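Asker: Chains as they are written, first to last, in my numbering: chain A, 1 to 330; chain B, 1001 to 1238.
It is worth saying that the hints were derived from the structure and are not from the lab.
Since this is a predicted model, take the numbers as computed values, not measurements.
Worth double-checking, as some hints may not be accurate.
Calculated cross-link-like contacts (lysine-lysine; reagent style DSS-like; alpha-carbon spacing at most 25 Å) [to be verified]: (1) A:K135 / B:K1073; (2) A:K135 / A:K108; (3) A:K236 / A:K208; (4) A:K26 / A:K180; (5) A:K166 / A:K180; (6) A:K177 / A:K108; (7) A:K75 / A:K3; (8) B:K1070 / A:K135; (9) B:K1235 / A:K75; (10) A:K131 / B:K1006; (11) A:K108 / B:K1006; (12) A:K108 / A:K14; (13) B:K1235 / A:K10; (14) A:K75 / A:K236; (15) A:K131 / A:K75; (16) A:K26 / A:K173; (17) A:K166 / A:K131; (18) A:K166 / A:K177; (19) A:K208 / A:K14; (20) B:K1176 / B:K1212; (21) B:K1070 / A:K131; (22) B:K1235 / B:K1176; (23) A:K208 / A:K3; (24) A:K10 / B:K1073; (25) B:K1073 / A:K131; (26) B:K1176 / B:K1073; (27) A:K14 / B:K1235; (28) B:K1235 / B:K1070; (29) A:K177 / A:K236; (30) A:K75 / A:K180.
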Amino acid sequence: MIKVQNLVKKYGDKVAVDNLTFTISKGGVHGFLGPNGAGKSTTMNVITGCLRATSGSVLIDGVDMLESPLEAKAKIGYLPEIPPLYENMTTHEYLVFVAEAKDVPYDKLYRNVNSVMELTSIEDVSGRLIKNLSKGYRQRIGIAQTMLGNPDVILLDEPTVGLDPKQIIEIRKLIKKLGKVKTVVISSHILSEIEELCDDVLIISHGKMIAHDSIENLEHKLEKTQALSISVRGQKESVFRTLEQVGGLTDCTVTGSRGGVVSLKLEHDSGIDIRDAVFSALAEAGCPILSMDTSALTLEDIYLKLTDSEESSAPEENGKKKKSRGGKKK
Amino acid sequence: MSVIFKREFRSYFQNVTGFVFIAVYILIAGAFITLYNFFSFNSSISYAVSDLMLWGAPLIPILTMNVIAKDRKSGAYQLLYSLPLRSSDIILGKYFAMLVVFAIPTAFLALMPLIFNFMGEVNYLVSYTSIICFFLFGAALIAVCTFVSSLSDNVILSAVFNYITVAALIALYMVKPLIALLPAGEIITKILSVFDIFGKFESFVYGIFDIKAIIYYLSVSALFVFLSVRLFERKRLM
Chain A
1 MIKVQNLVKK YGDKVAVDNL TFTISKGGVH GFLGPNGAGK STTMNVITGC
51 LRATSGSVLI DGVDMLESPL EAKAKIGYLP EIPPLYENMT THEYLVFVAE
101 AKDVPYDKLY RNVNSVMELT SIEDVSGRLI KNLSKGYRQR IGIAQTMLGN
151 PDVILLDEPT VGLDPKQIIE IRKLIKKLGK VKTVVISSHI LSEIEELCDD
201 VLIISHGKMI AHDSIENLEH KLEKTQALSI SVRGQKESVF RTLEQVGGLT
251 DCTVTGSRGG VVSLKLEHDS GIDIRDAVFS ALAEAGCPIL SMDTSALTLE
301 DIYLKLTDSE ESSAPEENGK KKKSRGGKKK
Chain B
1001 MSVIFKREFR SYFQNVTGFV FIAVYILIAG AFITLYNFFS FNSSISYAVS
1051 DLMLWGAPLI PILTMNVIAK DRKSGAYQLL YSLPLRSSDI ILGKYFAMLV
1101 VFAIPTAFLA LMPLIFNFMG EVNYLVSYTS IICFFLFGAA LIAVCTFVSS
1151 LSDNVILSAV FNYITVAALI ALYMVKPLIA LLPAGEIITK ILSVFDIFGK
1201 FESFVYGIFD IKAIIYYLSV SALFVFLSVR LFERKRLM
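Construct the complete structure from the given sequences, taking the supplied hints into account.
Answerer: Below is the structure:
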């Protein structure tokens, strides 16, 4: 649905987007991740025609943004980081203006406006001036305007910023719903949001793409070892001796010991499930397992691993080496 | 284009901008008409129009100074760029909205020859060609100021640029007769007359229809609207 080829965007000498190539398939919700200044908003602005690329091409459903901008833009709904609103207009006037600009036929225009207002729960502020509305309402009006004209692709830059928890849940539900019928691309710093909503993620750093895959596939690619956290009733030494016999275990660390209960972190090769073997060995040794938990990589771990490795390999700027994030994990 | 025109035209009346512009323009026009026509028992509106051009010119930036910068400030430019609209549609929509607001005090002027008719003989041809020329002068000045506004994304800078432009054009008109007195002043005056937007109306004051002035105003309008479109499109690259 979106095909970006060799996209380069330079601001003077600074390269904001560096030869970016990716394809986003039709339907679903796709996440766009990257540290501040990575080039996410620039890429989104180029995709939507707000910025012109230095070189490269953007195809929206096969239509070239540079060659046929009007046709390509008709297929897109875009919410930039700051909702693009006219403050002296009422909500209804603003949405009618956007619908008219998107060439929605007159007989469908008011139905279209009313339906997006209903979807984003802004009917109660239909007649109010936008300048008098809260940030949450403004954000929702911004989302509502993206849906006008029934575009195939919806791009949302930080869609839940400024919303209260209840509104965030509602908007996430709406994005999920939209993802079933449209191609939705969201840029967000809230990793849990991306994890919850997106089918796949595209991670960029320093204007370059460093990963584009489903979250599960990224986990598999990055996990060389997996870990198992257990707490066992018994003596530390006997628990240790018993676990030594379990095959596939690469490391065993005691994380705590209190009142005859030992907490351990067991690391093992990825692709091997050692839970059965651990259970049987400890049961035979008379050490009952009180709790067992597998700890898989979260999107945050994946994001930090990828962006940290990219930052450490990035060229030094102005003779100063960039600070490492420290690779802290949750 | 019509969708931008409607939005922009309405925006002038969603706050006091449009009302202030029209009211002050009509007030100045009324003052000159009272002075040159009612007090002097003169049925030609050309004298009043000539002075209205000069004294009303500083009002034009009220319409134009925020025409581009306000969208940059509010972030609405991203909406305009992402909508399926041409840059020319956006700029022309904004330009025609300003022209229609300017047409309102011009329409007030157009009523005057009809009122003068009750007091004596009126040369309608001279009066209405003067009023048409006044409207075209306004169209040209609006185009110039729109272009100047496009140079900056900052609301205050944009206003400053607008007033400097209008002040420079008025100053040029004022000092032109003095320059003519200098050695080689005639040549300098000829060169400067290209920028003399006010001086082009002088023939109309004497009841002479000057097609060159009409062509000049139309050309300036077209040139600066074209340049504004190019600049708006160029900012997409930034």
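Asker: Give a verdict on every hint.
Answerer: These are the hints, each one checked on the structure:
Restraint check: the Cα-Cα separation between A:K135 and B:K1073 comes to about 17 Å, which is no more than 25 Å; the hinted pair holds. Of the pairs offered as hints, the one joining A:K135 and A:K108 is violated, with about 29 Å between alpha carbons and a cut-off of 25 Å exceeded. Under the criterion of a C-alpha separation no larger than 25 Å, the hint pairing A:K236 with A:K208 is inconsistent with the structure, at around 49 Å. For the suggested pair A:K26 and A:K180, the alpha carbons sit about 10 Å apart, so the restraint of at most 25 Å is met.
For the hint pairing A:K166 with A:K180, the CA-to-CA distance comes to about 22 Å; that is within 25 Å, so the pair holds. Taking the CA atoms of A:K177 and A:K108, the gap is about 22 Å. The hint holds against a cut of 25 Å. The suggested pairing of A:K75 with A:K3 holds, with an alpha-carbon distance near 13 Å, which does not exceed 25 Å. Taking the CA atoms of B:K1070 and A:K135, the gap is about 19 Å. The hint holds against a cut of 25 Å.
The hinted pair formed by B:K1235 and A:K75 meets the criterion: a straight-line CA distance of about 23 Å does not exceed 25 Å. For the proposed pair A:K131 and B:K1006, the alpha carbon gap of about 20 Å is at most 25 Å, so the pair holds. Under the criterion of a C-alpha separation no larger than 25 Å, the hint pairing A:K108 with B:K1006 is consistent with the structure, at around 20 Å. Between the alpha carbons of A:K108 and A:K14 the distance comes to roughly 45 Å, so the proposed pair goes past 25 Å and is violated.
Taking the CA atoms of B:K1235 and A:K10, the gap is near 14 Å; set against the 25 Å cutoff, the hint holds. Restraint check for A:K75 and A:K236: not satisfied, since their Cα atoms lie roughly 64 Å apart, outside the 25 Å limit. Under the criterion of a C-alpha separation no larger than 25 Å, the hint pairing A:K131 with A:K75 is inconsistent with the structure, at around 29 Å. The hinted pair formed by A:K26 and A:K173 meets the criterion: a straight-line CA distance of about 19 Å does not exceed 25 Å.
Between A:K166 and A:K131 the alpha-carbon distance is near 22 Å, which keeps this suggested pair within the 25 Å criterion. Of the pairs offered as hints, the one joining A:K166 and A:K177 holds, with about 17 Å between alpha carbons and a cut-off of 25 Å not exceeded. With a CA separation close to 13 Å, the supplied pair A:K208 and A:K14 stays within the 25 Å bound. A hinted pair counts as satisfied when its Cα atoms are at most 25 Å apart, and B:K1176 with B:K1212 qualifies at roughly 19 Å.
Restraint check: the Cα-Cα separation between B:K1070 and A:K131 comes to about 14 Å, which is no more than 25 Å; the hinted pair holds. The straight-line distance between the Cα atoms of B:K1235 and B:K1176 is roughly 36 Å, outside the 25 Å bound, and the hint therefore fails. Distance restraint check for A:K208 and A:K3: the Cα-Cα separation of roughly 16 Å lies within the 25 Å cut-off, and the hinted pair is therefore satisfied. This hinted pair checks out: A:K10 and B:K1073 have alpha carbons roughly 23 Å apart, not beyond 25 Å.
The straight-line distance between the Cα atoms of B:K1073 and A:K131 is roughly 14 Å, inside the 25 Å bound, and the hint therefore holds. Between B:K1176 and B:K1073, the direct Cα distance comes to roughly 39 Å. Violation of the 25 Å bound is thereby established for this hinted pair. For the suggested pair A:K14 and B:K1235, the alpha carbons sit about 17 Å apart, so the restraint of at most 25 Å is met. Note on B:K1235 and B:K1070: the hinted pairing holds, with a Cα-Cα distance of about 15 Å set against a maximum of 25 Å.
The suggested pairing of A:K177 with A:K236 is violated, with an alpha-carbon distance near 51 Å, which exceeds 25 Å. Distance restraint check for A:K75 and A:K180: the Cα-Cα separation of roughly 17 Å lies within the 25 Å cut-off, and the hinted pair is therefore satisfied.
Figure legend: structure checked against the earlier numbered hints; hints not met, in rising order: 2, 3, 12, 14, 15, 22, 26, 29.
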